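Knowing the structure of chain A, use the given hints to seat chain B on it.
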Amino acid sequence: MGRIVFGGAMSHVLDPEYYQAACGDLGRQKVIEAMDAIARMGDRLVERKPDALIVVADDHMNAFSFNCVPALCVRIGKKVQRMTQDNAEAFDKVLDHMANEYVLHEDLANSILEQGVVSGFDLALSWEAPVDHAFLSPVNTLLGPRAIPSLVPIFVNAFIAPQPTARRCFQFGQHIAQVVSKSPWAVGMIATGGLSHFPELLLSRVGETDTAFDRKLIHWMERGEHEPLLDLTADELHKTGSHEFLNWMVLLGAITPARADVRYFGELPRINLAAVEWRL
Amino acid sequence: MSRYAINSLLYHLKKDPDLRARFIEDPRAAIADADLTDAERVAFIAGDMRKINELGGYLHLVMSIPKIGTHGGH
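The listed protein sequences correspond, in order, to chains A and B.
For the first sequence, position 128 (counting from the first letter as 1) is numbered 128 according to this note's numbering, and the numbering increases by one without interruption.
Throughout, this note's numbering is defined as the position within the second sequence, counted from one, plus 1000.
The shape of chain A in the complex, shown without the other chains (with noise of 0.2 Å):
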C-alpha cells in the first residue's frame, strides 16, 4: 500500500543572485537561510526512499500562453524539459544552471489523471508543457547534487482569473492521497510559491507583502486546522498577494489533518520566504 511519505512546501525562487538585485544585502542573506533549510528537508525526504516526488506548482505564462490555460493540469509523458529562455532575466535566470530534462513517473501521474477524471475532476493534460523555476528551482534545492526521484508535475492556475478555488485544489489533493494510498509507492509530495508577495499582480504595489495574512496560514497549518482556509476566495488571495497558496491547498487536501513544522520564515519587502514541513 502506497503512501505519502514526505509533504513540504516553500517559496520558489531560491537564488541569491535574485534577491541580492531585488533586496540588498538581506534579501541574499534570507534566500541563503531558506535554501539551507530546504536541503535540510531533502535529507529528510531523501531518507524516505521516494519512488516519486509530486510537485505542485504554478505556470508563470512559460508554458501555457494565452492559447490555454488550464485550471489543473498533470504533466505526463516519460520526460520534462525544463524552459528556456533567451537572455533570461529575473525569476527565469534561476533556471540557467539547472539541468535541462528530468524523468518522469509515468504510471503515477497517469493514476492521478484518470482516476481524477472518473472521479468528477476535469482535469487537463499535457505531454510537452516545461516546467520552470516554480518546479525546478525547489526541486534543485531539495535536492542539491543528490539524484532527484522521477517527478509529477502538476499545474495550478494560480495566477490567471478564474483560478480553480481552495476548497476545489483541496479536495485535488484528497484525491491524490487516495490515489498514492491504492498504489504501491513510496510518494514524496512539495508545493510551492509564496508566501505573500505581488498583491494585486500590479507593479505599483511590487515590495509589498502581508505579514499577518501569511501568520494567519501559518497557524492554522501548525495546528492541522484546514477548514478555514477551504474557504479563502480569490479576492483574498488576490489582495494579500497569496495566489500560489492555491499550490499549498492541494498538498494540504493530500496530508490532511497533518501538522506543519515552520522550518523558515524571513520577512522580505518583496516576499516573505518560508519552509514549511508537515508531520507525516
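Please note that the accuracy of each hint is not assured.
Straight-line Cα separation of at most 27 Å, DSS-like style, residue types lysine-lysine; simulated pairs [said to hold, decoys possible]:
| hint | chain 1 | residue 1 | chain 2 | residue 2 |
| --- | --- | --- | --- | --- |
| 1 | B | LYS1015 | B | LYS1051 |
| 2 | A | LYS79 | B | LYS1067 |
| 3 | A | LYS78 | B | LYS1015 |
| 4 | A | LYS216 | A | LYS182 |
Quick partial rundown of chain A residues pointing at chain B, CB under 8 Å, derived from the structure [claimed, not checked]:
| hint | residue |
| --- | --- |
| 5 | ALA22 |
| 6 | CYS68 |
| 7 | VAL69 |
| 8 | ASP86 |
| 9 | ASN87 |
| 10 | ALA88 |
| 11 | GLU89 |
| 12 | LEU201 |
| 13 | GLY224 |
| 14 | GLU225 |
| 15 | HIS226 |
Honestly, the hints are just simulated from the structure, not real lab data.
Because the structure is a prediction, the values reported are computed rather than measured.
By construction, the Cβ of each residue, glycine as well, lies at the ideal position given by its N, Cα and C atoms.
Below, chain B alone, put in the same frame as chain A:
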C-alpha cells in the same frame, strides 16, 4: 481594455527574439499590426511597463521580458 491583445504581445516579445529586436529598434513599427487600443499602443511605444501592467498586462511577463521588462523595486 483588450487584455488578450496586451498579453499576447507581451508573451511574444518574451519568447520571440526577432520580434523583440525589432521592437527595441522601432517599437512603433514592430507593433503596427497589433490589435491594441490607443492607450495600450502609447504605453508600448513608450516602454511604460507600469502602465502596461495597469492596463491588464500580466505582471510576470512585464517583469521578465529580456532587455525590456522591469524587475520592480525591492
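Results of checking the hints against the structure:
1. B:LYS1015 / B:LYS1051: holds (21 Å)
2. A:LYS79 / B:LYS1067: violated (31 Å)
3. A:LYS78 / B:LYS1015: holds (25 Å)
4. A:LYS216 / A:LYS182: violated (34 Å)
5. ALA22: Holds - the Cβ of A:ALA22 comes within 8 Å of chain B, reaching about 6 Å at its closest.
6. CYS68: This hint is violated: A:CYS68 lies away from chain B, its Cβ roughly 12 Å from the closest one there, beyond 8 Å.
7. VAL69: Where the cut-off is 8 Å and the nearest Cβ of chain B is about 10 Å from A:VAL69, the hint is violated.
8. ASP86: With Cβ-Cβ at 5 Å, under 8 Å, it holds.
9. ASN87: holds (4 Å)
10. ALA88: holds (7 Å)
11. GLU89: holds (5 Å)
12. LEU201: OK, holds: A:LEU201 within 8 Å of chain B, min 4 Å.
13. GLY224: Not OK, violated: A:GLY224 not within 8 Å of chain B, min 32 Å.
14. GLU225: This interface hint is violated because 31 Å lies over the 8 Å limit.
15. HIS226: Check failed: Cβ of A:HIS226 comes no nearer than 28 Å to chain B, outside 8 Å.
The structure is inconsistent with the numbered hints 2, 4, 6, 7, 13, 14 and 15, although it conforms to all the rest.
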